[in-house]
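Visitor: First residue of the sequence shown? That's 1 in our numbering, and the numbers climb one at a time after it.
Rather than coming from a laboratory, the hints here were simulated on the basis of the structure. A hint or two may mislead.
DSS-like mimics (lysine-lysine), calculated; alpha carbons at most 30 Å apart, straight line [what the hints assert, rightly or not]: (1) K124 <-> K90; (2) K9 <-> K43; (3) K124 <-> K113.
Simulated restraints on C-beta separations [stated by the list, open to error]: (4) L111 <-> K9: 34 to 40 Å; (5) V122 <-> H154: 47 to 53 Å; (6) E83 <-> T34: 47 to 53 Å.
Built from N, CA and C at the ideal position, the CB exists for glycine as well.
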Amino acid sequence: MRDPKRILKKLIGPDIDIAPFDATGEPLEQAVETFRDVGQCRKIRDFVTTNFGIDFAISPETFYQLLEIGSINYIETTQRDLEVETISLKDTRKPDDPVSIGNLNSVLRELYKDLQLLHERVTKDFPDALLIHDMRPELIDPCLDFADKLESLHGKWSLFKGSKVNDIEKEFASLFPNSTKAQ
Numbered sequence: 001m002r003d004p005k006r007i008l009k010k011l012i013g014p015d016i017d018i019a020p021f022d023a024t025g026e027p028l029e030q031a032v033e034t035f036r037d038v039g040q041c042r043k044i045r046d047f048v049t050t051n052f053g054i055d056f057a058i059s060p061e062t063f064y065q066l067l068e069i070g071s072i073n074y075i076e077t078t079q080r081d082l083e084v085e086t087i088s089l090k091d092t093r094k095p096d097d098p099v100s101i102g103n104l105n106s107v108l109r110e111l112y113k114d115l116q117l118l119h120e121r122v123t124k125d126f127p128d129a130l131l132i133h134d135m136r137p138e139l140i141d142p143c144l145d146f147a148d149k150l151e152s153l154h155g156k157w158s159l160f161k162g163s164k165v166n167d168i169e170k171e172f173a174s175l176f177p178n179s180t181k182a183q
C-alpha cells in the first residue's frame, strides 16, 4: 500500500484526526483493510435490507428476545479434557449488553439452518413447484383470500358458482402468469 495515511483519511473522512491511529503503533494498512471490510459489510447490509427487508443490525433487546431459541441461547465449548461445557447466554448477559459478532453469527447460523431445511422440504415435497419463482411476499395475502373464497364456495351449488370460480381463476392467472402451464 503506497500511502496508507491518505487512504485512511479518505475512508474515515476529513473531519477525523488520524494521529490516534498512527500513535497506536499498529500498521495503518491493517486499519485501512478493516475500514474497507466495514464499508463492504455496510453495503451488503443495505442491499439485503433494501431487497429482502431483513436488517442484520440486531438491537440488544431483540437479541435478548432471540435467546428464547435454545440453539442461539446455549453455547457449547470443549475443555482441554474433552469435556463439553454448555453456557446459557441468557444467564451470562444483560438485556442491554451490546451484540457481538459471535452473537450475530449464532443468529445467522440458525437462520441459515432453517432456510436450508425449508429449501430441502420444498424441493422434496414439491419437485415441480411451477409457481415458486413467481411468489413474492405481497402475493401471500391475496392467495389466502383466494383459498378462503374457494372454500366458502365448496359444497354450495348455485347458478353463479361457476362464474365466481372463473373470476377467482382469472385473477389468480393475472398474478401468476405461469399458472396456466400447471396440470
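Visitor: Please go over all the hints and tell whether each is borne out by the structure.
Guide: Status of the hints after comparison with the structure:
no. : hint                      : verdict
1   : K124 <-> K90              : violated, 36 Å
2   : K9 <-> K43                : holds, 20 Å
3   : K124 <-> K113             : holds, 16 Å
4   : L111 <-> K9: 34 to 40 Å   : holds, 37 Å
5   : V122 <-> H154: 47 to 53 Å : violated, 26 Å
6   : E83 <-> T34: 47 to 53 Å   : violated, 36 Å
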